[in-house]
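Novice: We have chain L; now place chain B onto it with these hints.
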Amino acid sequence: MQITSPGFKENARTALDDAPLQRALGNVRKGFIEKRAKAAAALPEFDVLRDNARDIKDHVLAHLDLYLEAYAEKVEAAGGHVHWAETAEDARRIILEICRDKSARTVTKGKSMITEEIGLNDFLEEHAVAPVETDLGEYIIQLRGEHPSHIIAPAVHVNKDQVEADFRRVHTHLDPARNLEEPTTLLSEARGVLREKYFEADIGITGANFLIAETGTSVIVTNEGNGDLTQNLPKTHVVVASIEKIVPTLDDVSQILRVLARSATGQDMSVYTTFSTGPKRDIDPDGPEDYHVVLLDNGRSAMLGSEFQDMLRCIRCGACMNHCPVYHAVGGHAYGWVYPGPMGAVLTPSLMGVDKSGHLPNASTFCGRCESVCPMRIPLPKMMRHWREREFSRNLTPATARYGLGAWAFFAKRPALYQAATRVAMAVLGRLGRSKGRFSAMPLAGGWTKYRDLPAPEGETFQAQWAKRRKAA
Amino acid sequence: MSDARSAILAKMRSAMGRKADDVERKAAVADRLQRSPRGPLPARGQLPESERTALFQKMAEAVQASVVRVASRADVPDAISAYLKSKNLPATVRMGEDARLAEMPWSAQKHMEILKGRAENADLATVSHALGGVAETGTLMLVSGPDNPTTLNFLPEHHIVVLEEADIAGDYESVWARIRERFGKGIMPRTVNMITGPSRSADIEQTLLLGAHGPRALHIVIVDKG
Numbered sequence: 001m002q003i004t005s006p007g008f009k010e011n012a013r014t015a016l017d018d019a020p021l022q023r024a025l026g027n028v029r030k031g032f033i034e035k036r037a038k039a040a041a042a043l044p045e046f047d048v049l050r051d052n053a054r055d056i057k058d059h060v061l062a063h064l065d066l067y068l069e070a071y072a073e074k075v076e077a078a079g080g081h082v083h084w085a086e087t088a089e090d091a092r093r094i095i096l097e098i099c100r101d102k103s104a105r106t107v108t109k110g111k112s113m114i115t116e117e118i119g120l121n122d123f124l125e126e127h128a129v130a131p132v133e134t135d136l137g138e139y140i141i142q143l144r145g146e147h148p149s150h151i152i153a154p155a156v157h158v159n160k161d162q163v164e165a166d167f168r169r170v171h172t173h174l175d176p177a178r179n180l181e182e183p184t185t186l187l188s189e190a191r192g193v194l195r196e197k198y199f200e201a202d203i204g205i206t207g208a209n210f211l212i213a214e215t216g217t218s219v220i221v222t223n224e225g226n227g228d229l230t231q232n233l234p235k236t237h238v239v240v241a242s243i244e245k246i247v248p249t250l251d252d253v254s255q256i257l258r259v260l261a262r263s264a265t266g267q268d269m270s271v272y273t274t275f276s277t278g279p280k281r282d283i284d285p286d287g288p289e290d291y292h293v294v295l296l297d298n299g300r301s302a303m304l305g306s307e308f309q310d311m312l313r314c315i316r317c318g319a320c321m322n323h324c325p326v327y328h329a330v331g332g333h334a335y336g337w338v339y340p341g342p343m344g345a346v347l348t349p350s351l352m353g354v355d356k357s358g359h360l361p362n363a364s365t366f367c368g369r370c371e372s373v374c375p376m377r378i379p380l381p382k383m384m385r386h387w388r389e390r391e392f393s394r395n396l397t398p399a400t401a402r403y404g405l406g407a408w409a410f411f412a413k414r415p416a417l418y419q420a421a422t423r424v425a426m427a428v429l430g431r432l433g434r435s436k437g438r439f440s441a442m443p444l445a446g447g448w449t450k451y452r453d454l455p456a457p458e459g460e461t462f463q464a465q466w467a468k469r470r471k472a473a
Numbered sequence: 474m475s476d477a478r479s480a481i482l483a484k485m486r487s488a489m490g491r492k493a494d495d496v497e498r499k500a501a502v503a504d505r506l507q508r509s510p511r512g513p514l515p516a517r518g519q520l521p522e523s524e525r526t527a528l529f530q531k532m533a534e535a536v537q538a539s540v541v542r543v544a545s546r547a548d549v550p551d552a553i554s555a556y557l558k559s560k561n562l563p564a565t566v567r568m569g570e571d572a573r574l575a576e577m578p579w580s581a582q583k584h585m586e587i588l589k590g591r592a593e594n595a596d597l598a599t600v601s602h603a604l605g606g607v608a609e610t611g612t613l614m615l616v617s618g619p620d621n622p623t624t625l626n627f628l629p630e631h632h633i634v635v636l637e638e639a640d641i642a643g644d645y646e647s648v649w650a651r652i653r654e655r656f657g658k659g660i661m662p663r664t665v666n667m668i669t670g671p672s673r674s675a676d677i678e679q680t681l682l683l684g685a686h687g688p689r690a691l692h693i694v695i696v697d698k699g
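Heads up: the sequence lines are chains L and B, in that order. 142 is the number that our numbering gives to position 142 of the first sequence; each next residue is one higher, with no gaps. 538 is the number that our numbering gives to position 65 of the second sequence; each next residue is one higher, with no gaps.
Don't read these hints as lab results, they were simulated from the structure. Hints are supplied without guarantee of correctness; some may be wrong.
[Said to hold, decoys possible] Listed next, the in silico DSSO-like pairs over lysine-lysine satisfying Cα-Cα at most 27 Å (straight line): (1) B:484 with B:531; (2) B:484 with L:382; (3) L:235 with B:589; (4) L:160 with L:102; (5) L:35 with B:531; (6) B:589 with L:197.
For clarity, every value in this text was computed on a predicted model and none was experimentally measured.
The shape of chain L in the complex, shown without the other chains (with noise of 0.2 Å):
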């Protein structure tokens, strides 16, 4: 998909008067948050699965090499292709040729971030192949021609109305005097509409949650049912999956599952957890003839050894941008590529390049808030600190943001001086803004006096005012 991540400002400031998306984002703060705390602390063992879950892909990403050659090895035991992809563009072209290998005109889809990030749609589209996306959330989006906004609810910044104008605008095979005004009758029309697709569709497309190399699985974890009709009705089942989703074993991705729906959408169990492996049996009624993987790596080996090695440990589960205040403001799409909130500002550089995605890694107030509540234990917070030193080593930060890193380095690499420059910026602060107490406009600060007021320092530096007490007590 087309990156807008350079024009993150400008995103952001758009997203910030979208009066119908700031009414849909009331939803991730609302919901979100408690039913995670609510589920995380009805499970006493929560942070000792957490902590091994975090060893379990620790330990995998240190033989990732070999165990991907384990998994391999599986699939292809039990009757499956995999396929190798080094670039997006490598992805996309095999998954092309198996549609025309099996002269495939539709295909279904069940919810995949990774058919995202190759941009599957639009270019299976280019090439005659028409994609259904299954999921509820994804087909709305597809209806309106828009990218996810979240990885794991997909049209959260949608709301009802636009749904149901999209449905009316879409689906006029239907009465146009129907009802649509509870949502129940909206997710009727979808079921009823999407279930003649599962059957005409000749190849199901699905991502993977997991892909155990015990025995050559994959898995996928959803709610509503879509991805098991997507892969078990059509004659070939294709999964997309990037290399760091595996797990050695049944027992460890059982572990793993613990922590991802609570952390996700606080169920203790998501309703459909499913394993596949290899195509169906001679014996079998139901389920695919054939059954491909394709393996995408698009920059990922690259982060192994690397300080961004800990990103890799990500499930996906979209914790780090339903408790980030920075995403609560502007919502998934002002970020600009497939990857939001806290997970993406450290993702986007690492795949895209830090040139495009700088704004992301900056676009945080270091609350922490991502780290404390990732099932990973992945230090989200010191990798975007990583991705702004970078940017800065790499000059790429704006000319006045590296002067006045630069001026304030110098001060601070000397603390008399810094304490006596504090001590008059203060005391002169201190008295301009007695009056009014506060700042509507000042210069140089313009970014920050221009949405608020900055607040009059009350005329003493806190290492004064600490001295000063020390020395009364």
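Specialist: Showing chain B alone in chain L's frame:
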């Protein structure tokens, strides 16, 4: 494609400073795959059998499944017939070739029609036999095959699942041990489904609605150990 495979593996190895023929690492990975060590298990599910069944029922009901318990396998057709009546459904169910289901006294249900094989789009109610249940979260585990075709789990409006009390485990790991025993270590059937409640979606304004694409209702019949 083998070129891409070698290229990706080579990139990884150079990034990690590893060698392909590292005997020690290979042995460690093979050993971990073979041993498949268990992680910490939640105390919640580690209960004596009778309490485990009660916990399974409580957790399944908490996620909007309905649960009945019957004294023996012979009582299952009655229970299913009663469920269909209570939902105003026609007395028709579809099921696979599962031997335990086949042995049940369906003929005693005068008006019930039993269809066999994989599910059709028009099926309103299907019956499956679960391989096991997990008390920890009220989760059912079903395996694909002629006995219980996977489409039965997803196409109907009402999915009815028969579960033996003796097959309810405290945790997922215990059921995996059973699957390894049945299919062999490292071998899986085409599909294993963990099912926790009926289908749902919260994609419209984060409001929870049942029956998104899969069954609107999940009914579990537990056959007590007696």
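Novice: With reference to the structure, classify each hint as holding or not holding.
Specialist: Status of the hints after comparison with the structure:
no.	hint	result
1	B:484 with B:531	violated (50 Å)
2	B:484 with L:382	holds (25 Å)
3	L:235 with B:589	holds (21 Å)
4	L:160 with L:102	violated (38 Å)
5	L:35 with B:531	holds (19 Å)
6	B:589 with L:197	holds (24 Å)
In the structure shown, a violation is registered for the earlier hints numbered 1, 4, in ascending order.
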